[in-house]
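**Q** Chain by chain, the residues:
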Amino acid sequence: MTEGLFAFGVFFAAIFTNNILLTNYLGMCSFLAVSREIKTSVGLGMAVIFVMTCTSVINWLIYYFVLVRFDIVYLRYIAFIIVIAAFVQLVEMVIERTSDVLYAALGIFLPLITVNCAILGASLFMVIREYTFLSGLAYGAGSGIGWALAIIAMAGIRTKLNIRSKVPFGLTGAGITLIIAGIMALAFMGFAGMITIT
Amino acid sequence: MLISFLIAVAAMCGLATFLAVLMVIADLTVGNYGEVKITINNETEMTVEGGKSLLGTLMGEKLFIPSACGGRGSCGFCKVKVVSDIGDYVATELPWITEEEKKENIRLSCQIKVKKDLAIQIPEELFNVKEYRTRVERVRDLTYDIKEVTLKLLDPGEIKFRAGQYIQFQTPEYELSSESVYRAYSCSSQPSRRDIVELEIRLVPNGICTTYVFEYMKEGDEVTINGPYGEFYLRDTDSGIVFIAGGSGMAPVKSILLDMAEKGIDRKVTYFFGARTTRDLFLVEEMRELEKQLPRFSFVPALSAPTKEDNWKGETGLITEVIERHLKNADNLEAYLCGSPGMIDASVGVLTKKGLPEALIYYDKFA
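Those sequence lines, one after another, are chains A and B.
Counting in my numbering, the first sequence runs from 1 upward without gaps.
Counting in my numbering, the second sequence runs from 1001 upward without gaps.
There could be a bad hint or two in this list.
Claimed, not checked - Cross-link-like lysine-lysine pairs, in silico, BS3-like; alpha carbons within 25 Å at most:
hint, chain 1, residue 1, chain 2, residue 2
1, B, 1328, B, 1354
2, B, 1115, B, 1081
3, B, 1292, A, 39
4, B, 1113, B, 1037
5, B, 1292, B, 1268
6, B, 1079, B, 1037
7, B, 1102, A, 39
8, B, 1081, B, 1116
9, A, 39, B, 1113
No wet-lab data here; the hints were simulated from the structure.
These numbers come from a predicted model, not from an experiment.
Hey, can you work out the whole structure from these sequences and the hints?
**A** As structure tokens, then:
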């Protein structure tokens, strides 16, 4: 398989079969908290796509050109975390400066993302699975899109839920959301076998 | 072993330093909004460092917007009306903002950042109330029982108030009072004279504060005041104005009239001033002077019990009777009343009978 084709496969796998949210259950806190409305979850989803793609690329470079070279890959957690935090902070500053519209749509979600485990997870999976630069990029973007897809779908379901359904009191809020997330994960298992990545 | 240890430390330090430097540069360039002007209530301008939340910025300027959560967007108290355009609401504001507030562009000041020049509106009280150390510059008799007290502000050296507002005068402990008490007095000076506050104080028999002012306080003494307070100020409309005052109720009216003369506000003004005899009349010449400066202003002093010696040729009778006679109708009019509760209640009665809605009658009652 050529590298390009492999990266393409990784991209789709990250969205569907290996959805970082629904198979690895990463990024749960913001998934539960911000999936009440479609509009806000689209905003958060877009921010995650952007940050995940960029941090995967940066972390790939940091990993191979700093950590591997100096033989300190065991420090990758710390390195990745500070890179993500610094990057998110920088992006927030730039967006805030340049565009009010973009800031209102994405900017306010960025601090939420700093501590989103899915972002760190994507970078870690990427180096554990030893992706090439191109595949790493594809994986980051795919994971972001997958996460966004899951939260937007969830927001859609919850919006409907609010109108139509009588949720038992004890299950309202996070309870029913987790159950729905589980069912969604089962549904996404339908994609399994289509493509597999290791 | 040692070398690999050092390499690890150096590499991580290098990475962290690089990111830190990047952040510092970003902060100095992208995050640096320079100096930004905030205009408050169309009057005050403050120049502040941009880039922080509005709430925090105002706090830095010693202007305290009520906030219970300290700016995390979880209490919804720190609402401020923003007049200039600062873009759409952010998602973190929306839970606290009602539809009506949206129309007014009321924003949560902890969630919006000061990035460019802003104009905001806040309740005047929040903005201005301070404590002032002052020195008694001059005390002069206006009548046998009303003194005009001029206070020179020491610290802070300037006050901002709207003509018609009042301050609280702190009477220190003295022979007749074992604790310091506060009494409210309207400013009779015009707001443009920022470094002084002039009060008109009428002797109340056995009154703690007035006795202090009349018998103990000397020129050169230091006294403390705080303020300004109150909603008794000229509304910005084109309607005709009726002032009705008695005794030291002259003070805020005088302040408003001086302010109008200075600003060249040309509106039809009639000022009914009630007194018993000429002994109780004061500042008549100043009012006549103002009549020259304000083309459509007329001062109508009225004596309720003139004596023969008074040789009074002006209006006589209770102030209500005089208003009754003078006021043809209440079309396109607002009334400002200042004086004793009895006088105010009676005057409100006459004015409403003439057809003036109560909403257009503003008053300061001296209890």
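**Q** Determine for every hint whether it applies to the structure shown.
**A** Hint by hint, here is what the structure shows:
no. : hint               : verdict
1   : B:1328 with B:1354 : holds (8 Å)
2   : B:1115 with B:1081 : holds (16 Å)
3   : B:1292 with A:39   : violated (64 Å)
4   : B:1113 with B:1037 : holds (13 Å)
5   : B:1292 with B:1268 : holds (13 Å)
6   : B:1079 with B:1037 : holds (19 Å)
7   : B:1102 with A:39   : holds (19 Å)
8   : B:1081 with B:1116 : holds (16 Å)
9   : A:39 with B:1113   : holds (23 Å)
Consistency with the previously given hints fails for number 3 only.
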